[in-house]
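Residue numbers (my numbering), protein chains in the order written: chain X, 1 to 127; chain U, 1001 to 1167.
Derived by calculation from the structure, the hints in this document are not laboratory data. Think of the CB as a built atom: it goes at the ideal place given N, C-alpha and C, for glycine as much as any other residue. Treat the hints with care, since some could be wrong.
[Unchecked claim] Some chain U residues close to chain X (C-beta under 10 Å, calculated; not the full set):
{"hint": "1", "residue": "1082"}
{"hint": "2", "residue": "1086"}
{"hint": "3", "residue": "1120"}
{"hint": "4", "residue": "1142"}
{"hint": "5", "residue": "1144"}
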Amino acid sequence: MAYRLLIVDDSPAMRSFVKRVIQASGLDAKCFEASNGREALALLGAEWVDAILTDINMPDMDGEEFLRTLATDDVLKNTPSLVISTDATPQRIARMRALGARGYLSKPFLPEDLRGALERIFGGTDA
Amino acid sequence: MPDPPSPSAFEDALRDALTDVLHKMFFIGAFADATPPEAGRELDPPAELAARVHFHGEPSGDLLLVLNRQAARGIAADFLGENRSCLTGRQIEEVFCELANMICGAVLSRVESAATFYLASPVIEPCADNPGRSETAKCVFPVGDAELTARIWMEEPVCGPLEKSAC
Chain X
1 MAYRLLIVDD SPAMRSFVKR VIQASGLDAK CFEASNGREA LALLGAEWVD AILTDINMPD
61 MDGEEFLRTL ATDDVLKNTP SLVISTDATP QRIARMRALG ARGYLSKPFL PEDLRGALER
121 IFGGTDA
Chain U
1001 MPDPPSPSAF EDALRDALTD VLHKMFFIGA FADATPPEAG RELDPPAELA ARVHFHGEPS
1061 GDLLLVLNRQ AARGIAADFL GENRSCLTGR QIEEVFCELA NMICGAVLSR VESAATFYLA
1121 SPVIEPCADN PGRSETAKCV FPVGDAELTA RIWMEEPVCG PLEKSAC
């Protein structure tokens, strides 16, 4: 059965790139897309997903507020999230981890880095 | 308050970030489609494409990325895995903005490791110049037959090693 993944990023180019890498990796996945946290929450009200891949810097609702909101939802707080961001500073990574991010991938990354992070999430270990 | 990064630190970070981003995420050469570069030439005006990212942190400033449209079409095709001739102007600009965003974040992650920074959404600039201000750092990177130019301006003066004691 295909994994159901939600890609949250305000850049359509980045969402296409992530989808392309996931498809090329051989992972059987159906991808949903949202351009910010608010859109993602609306989508999560209608669709079940196995994992969320989210950017941080986004208009309307950014990645930090999105993860904070997820953490308050009894069901959604159990959905693993992987942060994908250009910000590779230790304090940002620590903050997103504290908000519940299961993994953190800083851009730029190699395709195998994304695949590895997803495998660790689905394997039950931190990415 | 820690010393601001020196211009040479920005130069090094900019060069490393450009190399890293283009190699890892733009697969220049690795995923190139079979369409020769000339195929997109008639689709693009000769003008340059410029994207700006404003960043806020310690310090704040702007990054400007400039490349001719034909080369930008090529890297957008590589990034999206599409044929060059199928891309719209909007797709090319979106990819170029994402490239600017990644380079800016990668530079700041290298020079601002003790501070949190915030990036504004990248915007396409009608003019590639920034008259009246000299850049803090500049790097030129070959992309095919073209040159990708990245420049950073800081909002506050950045001290070089010799001037640091005076700042």
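Hint check results:
1. The beta carbon of residue 1082 of chain U comes within 9 Å of a beta carbon in chain X, closer than 10 Å, and the hint placing it at the interface holds.
2. Annotation: interface hint on residue 1086 of chain U violated; nearest CB of chain X at approximately 13 Å, more than 10 Å.
3. Using the Cβ-Cβ criterion of 10 Å, the hint placing residue 1120 of chain U at the interface with chain X is satisfied: the shortest such distance is roughly 8 Å.
4. Hint on residue 1142 of chain U is violated. Least Cβ distance to chain X is approximately 18 Å, over the 10 Å limit.
5. Annotation: interface hint on residue 1144 of chain U violated; nearest CB of chain X at approximately 19 Å, more than 10 Å.
Going down the numbered hints, you'll see the structure goes against 2, 4, 5, while the others check out.
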